[in-house]
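**Q** Fit chain B to the known structure of chain A by using the hints.
If you're matching them up, the sequences are chains A and B in order. Under my numbering, residue 666 is the last one in the first sequence; the count climbs by one each step, no gaps. Under my numbering, residue 1332 is the last one in the second sequence; the count climbs by one each step, no gaps.
Hints listed in this document are in silico derivations from the structure and should not be mistaken for laboratory results. Any given hint could turn out to be false.
To be verified - Chain A regions said to be covered by chain B (calculated; three or more residues, Cβ under 8 Å):
{"no.": "1", "segment": "61–67"}
{"no.": "2", "segment": "77–85"}
{"no.": "3", "segment": "93–106"}
{"no.": "4", "segment": "478–487"}
{"no.": "5", "segment": "518–531"}
{"no.": "6", "segment": "609–618"}
Claimed, not checked - Taking beta-carbon pairs under 7 Å as the criterion, some of the chain B residues facing chain A (in silico):
{"no.": "7", "residue": "D780"}
{"no.": "8", "residue": "G833"}
{"no.": "9", "residue": "P1056"}
{"no.": "10", "residue": "T1172"}
{"no.": "11", "residue": "V1175"}
{"no.": "12", "residue": "I1176"}
{"no.": "13", "residue": "H1185"}
{"no.": "14", "residue": "F1194"}
{"no.": "15", "residue": "H1266"}
{"no.": "16", "residue": "A1268"}
{"no.": "17", "residue": "L1272"}
{"no.": "18", "residue": "T1290"}
{"no.": "19", "residue": "T1298"}
{"no.": "20", "residue": "I1304"}
Cβ coordinates follow ideal geometry from the N, Cα and C atoms, glycine included.
There are 2 protein chains.
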Amino acid sequence: MDSTVSGAPEPKGIRKHLSNLLIGRPLETRTLAHQVVSNKIGLAVFASDALSSTAYATEEILVILALTGTVAYLGLALPIALAIAALLVIVTISYRQTIFAYPNGGGAYIVARDNLGELAAQIAGAALLTDYILTVAVSISSGVAQIISAFPDLTPWRVPMAVAIIGLVTIVNLRGVKESGAVFSVPTYFFLGMMFLTLIVGFYRWATGTLGVVTGVEFAVEAAAPLTMFLVLRAFSSGSAALTGIEAISNGITAFREPRSRNAAKTLVVMSTLLVTMFLGITFLSRHIQAIPSHQETIISQMARTVFGAGSLFYLLLIAGTALILLMAANTSYADFPRLAALHAGDGFLPRQLTYRGGRLVFSWGIMTLAIAASVLVIFMRASTTALIPLYAIGVFLSFTVSQTGMVVRLRKIGRLKPGEVVKGLETNLEYDPHWRLHMIISAFGAVCTFVVMMIFAITKFTSGAWFILLLIPTLVFVFFRIHYHYKDVAQALSLENTAVNEIETDRVITMLLVDGVHKGTLQMVKFAKSMGNPWHAVHVGVNQEKTAVTQAKWDRYVGEGQLVIIDSPYRHLLAPIRQYVIDLLENNPGAIVHIVMGHLAMDSLMSQALHQNSSLILNLGLTGLERVVVTIVPLQIHQNGGEVNRNMLTGKDLKKARGERSIKN
Amino acid sequence: MDSTVSGAPEPKGIRKHLSNLLIGRPLETRTLAHQVVSNKIGLAVFASDALSSTAYATEEILVILALTGTVAYLGLALPIALAIAALLVIVTISYRQTIFAYPNGGGAYIVARDNLGELAAQIAGAALLTDYILTVAVSISSGVAQIISAFPDLTPWRVPMAVAIIGLVTIVNLRGVKESGAVFSVPTYFFLGMMFLTLIVGFYRWATGTLGVVTGVEFAVEAAAPLTMFLVLRAFSSGSAALTGIEAISNGITAFREPRSRNAAKTLVVMSTLLVTMFLGITFLSRHIQAIPSHQETIISQMARTVFGAGSLFYLLLIAGTALILLMAANTSYADFPRLAALHAGDGFLPRQLTYRGGRLVFSWGIMTLAIAASVLVIFMRASTTALIPLYAIGVFLSFTVSQTGMVVRLRKIGRLKPGEVVKGLETNLEYDPHWRLHMIISAFGAVCTFVVMMIFAITKFTSGAWFILLLIPTLVFVFFRIHYHYKDVAQALSLENTAVNEIETDRVITMLLVDGVHKGTLQMVKFAKSMGNPWHAVHVGVNQEKTAVTQAKWDRYVGEGQLVIIDSPYRHLLAPIRQYVIDLLENNPGAIVHIVMGHLAMDSLMSQALHQNSSLILNLGLTGLERVVVTIVPLQIHQNGGEVNRNMLTGKDLKKARGERSIKN
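One chain only, chain A, in its complex shape (with noise of 0.2 Å):
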């Protein structure tokens, strides 16, 4: 049984009741088109995680122009500011454009399967996978962090409290996509709001002269370098963590409204926008208010505190915004994740119960793996994010990288077309554009661009956890690989191909019994045997002597037909010995099926199932591992209510009777 459901038992009764109100009652399959989203819920869904970046690109480039040791070199910020914010409008206009060629879902995955193969594809998801869970921890550790340095008390609970996050994320979350857009984007605009307010009153005052500057901040100095190029592109880099979460909306076209493309297009201008205004808005200010990057306040608190005055209610407003905007960016990766995993497990790279939907139509499965390692990762890297931001962002630009160069060698394919012309691909059909060679100027020159930020954010970033991720993309991939090669080995395997049709042959059956002592239970496994008319034999493990002959006598009197085989066990083990009898029957008889029947107690609750040895299970998972070996499990339904034990036999007519003994004893 391998199917494409979920095979978990459903809940009942009280763990249905708490599972309802957790997660929401199951929804149909049919219901599958109805879950989508409005463009300004989109917004909030997809975009948390790249407009939060805003919180912390300008200080990034400010601490590593501040290696010079001096305040001088600051003013460069604005100019690598300026060089970011090109990028991201050519990242956008690129993306912009894989939108409307990959209608059905343009993640980076999906481009570079079209275009460059599985190899490339592997690539781009294992890179984007393994952000999509950095994304979690990194926010929502930086997130715990803006909550700490304003409430000192709770720091013995930082990584408690990062964890509970995730957990209540992951519940969020598993209700389904549209619930999770509408919870979530109150945090969005809410942070929107109060930035938009910050920068406008901070330009108005600007303009009129009223806006001061900032004091009481200690400048950090760590070590005076000197100002090279390779300092200021490392500036460069680290500003350019802004980029990251814009490819979010492109991997989740299929979450919003008909027209798709058009509305993801819509929203993705949207928030490249807002991320633009933002970052160099924050940039500027920052810089007019001469901005210091420090150990003990943010950029964006002391820009805050500028304009609004230390302690006013603005200014707490805005950097409550920015602690929540920080926790609702690992939304975006709850979105995310769970589809792009879905779609290597459905090309056969992952798990295939990656691709199943739950109850709620959310692939459940790959919620609860990303809750998982960022749990770990939370958990591992004690919540810091200090320590978790070198492992950041190369994953996405890697993505950038490989998708960009997909759409450079999809538009050379549409260059080669006629006017008019339409070839079918194999996501989508080709059309002639009279600008593909602009458009692949575009990519290209995209693709080039985050290259380079890659290759800077691994060199300069190697030592301090790169490395790892350096190390970790190609082991993934590997895995995938690997993954890959095994479903398509047992599908093989499985194949009917060349079998012929309806020619099943029978063959002898050899059935025996398993008996550990002689009960109810064994003559229930004894009636089943002979029920099932086949010839039949028992067998017994023999540990302790005295047993073996209790068992025997009890056989002898209450069974009293079929033989009785002993087997002795001077280790005590119990599968091994059974394990030998059964290879020594299949090679004696050749080509016969051996037919294993075993009792097991069946317990009502799970608490008196852990009171039993449940060797049945066990013995089940270490017989079927032979060949020509089939298992039979009789259970015996013991019920127990409140110290009485009702037991049912297969028989209505045994229940009487065990009934009757009751009566008569109490």
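**A** Same frame as chain A, but now just chain B:
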């Protein structure tokens, strides 16, 4: 299958080698009698807990007396220590009586069960089991604290170190008590040697007038309480922690060589003598050097420093020995907890698995239970001795009280015998004893003393953690009885009393095949069903309309016989619709047995297995809960050798056919 042997699959290949390296080669059951230890090793195994308490007992008395806020009353430590020593002598004499009365193990549990009934036995056992877990947690935590005070750099590794040491002790104990005794006797004797050397040198210098006084220690005054009788009693009860562990030998008599009782009694007397000597010696010397309870330095350290000089080799060796004995004290619990748990389990008050002897003939389940419970406690309490100490020792004194009360009851019975009379008892015979009245007075006096100490413990430590133990012990007793009633109920349900002999009837069997898709595994199921020769039909759960159509078409083509029933499942559930179908079948066919056959793809490795849905395992669990239902699993072996798949069908002929296909394809 519910047997008294280990049902875990035997390790294979590299796992087997690793297991042999860590745990040792498996031992045959008949070698069980040889797993006993000499008195010297028995002392090391069972006494390290009791002896290690000298490392803190004196200090505990001084800490309480220091609450008066003046050093003037610290001199009371000596009379209090003498009173505790007297109590220890009484308990030793009382337990020596018990060892001779119960040569097969005379722990509080057995004595209580034999004389006071099941409830008292379960109370004593629950108290002791709780205290054994606490002994491991407390002694390893305080040992780690000793190491950390010597090497403060290790502070952040406190919890991992404690857990790692628990792991190490667990592995040594899984090898068996003989080896663990040999390993642990070295540090025990090293501690004894160093402590007696310190005491002898100290007394010599005191006698020759060359022993100085402690300098440089601050008196830690936290509050100034008046010296009341209550405070003196509290100091007495705190110092009575020296008695914890004294019961270990009486529980573990069976680990001694024959004559067991004599050897165990000798070892008990030696242990108590060492304990009293060290405890009084330390208390006496600590008063003469004017040692003061302090946050900076332990009493043992102050004594060693004064006797040998700070930083001297002997000073360091005594501190190292003290740290080691504290770590080793945990080992005593590893010898006793599994034995006691097995006693409970043997009487059906704890899961029966605790009676299974593992490959090395030790009670592996008990050892693992202790290790996990102690690790959880250490992790939860952050390895803080201060947090754990208030939970400690109540259980031990409760068990002392119960055990000695039991002996009083026993001796009263003996008192009623005529000279020379022998009455057969439950555990051991009752023999006439002319000195029964003296013995009874000793036991009764011991019981009263330990009861008073326990009450003082409970009252003075109630708010700082003792409440938890006072809640936990009744809860455990309740759970133990629940388990007991469960086993009794099941035994009654399985009982064949009043069952007719040799009269097993047969019934109609309805065979249904669960079909997911149609592939080689499906054909095997059909083959098995046909070979069994009973009527059968197939059932498919339709989650996806396309897939259902494909399945129906393939069924018609490749099977072409038997009915294929399609059940619709709009919520993508698998188990629920099948359950309902089976329930309907059972209702429409009263008395019939429903035989469900399902396929299972059996992979070579767990990793490969995890890539498949394994719904047969889940369905199996979900369906064995129904009455009159039997489940058969037909595995299809999938072997992968470096990306290559060999698949063997139930018959060699199919195998050859499959190989033929491959050779044509390649």
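**Q** Against chain A, is L1272 (chain B) within 7 Å by beta-carbon distance?
**A** violated, 10 Å
**Q** Three or more residues of the segment 518–531 of chain A near chain B by CB distance under 8 Å?
**A** Coverage by chain B holds for the segment 518–531 of chain A (10 residues, Cβ < 8 Å).
**Q** Against chain A, run the beta carbon of H1266 (chain B) and see if the smallest gap drops under 7 Å.
**A** holds, 6 Å
**Q** Is the interface hint satisfied for G833 (chain B)? The criterion is a beta-carbon contact with chain A at less than 7 Å.
**A** violated, 19 Å
**Q** So, V1175 (chain B) near chain A? Judge it on the closest CB pair being under 7 Å.
**A** Since the shortest Cβ distance to chain A is 5 Å, the answer is holds.
**Q** Go through the hint on F1194 (chain B) and say holds or violated, using the shortest Cβ distance to chain A against 7 Å.
**A** holds, 6 Å
**Q** Should the hint that P1056 (chain B) touches chain A count as held when the rule is a Cβ pair under 7 Å?
**A** With a closest approach of 22 Å, the P1056 (chain B) hint is violated.
**Q** Taking 8 Å as the C-beta cutoff, is the stated coverage of the segment 93–106 of chain A by chain B satisfied by three or more residues?
**A** violated (count 0)
**Q** Would you check chain B against the segment 609–618 of chain A, counting CB to CB pairs closer than 8 Å, and say if three or more residues qualify?
**A** holds (count 8)
**Q** Hint validation: T1298 (chain B) versus chain A, beta carbon distance must be below 7 Å. Holds or violated?
**A** holds, 4 Å
**Q** Does D780 (chain B) meet its interface restraint, that is, does its C-beta lie within less than 7 Å of any C-beta in chain A?
**A** Status violated, d = 23 Å.
**Q** With a cut-off of 8 Å between beta carbons, are at least three residues of the segment 478–487 of chain A near chain B?
**A** holds (count 4)
Checked against the numbered hints above, the structure breaks hints 1, 2, 3, 7, 8, 9, 12, 17 and satisfies the rest.
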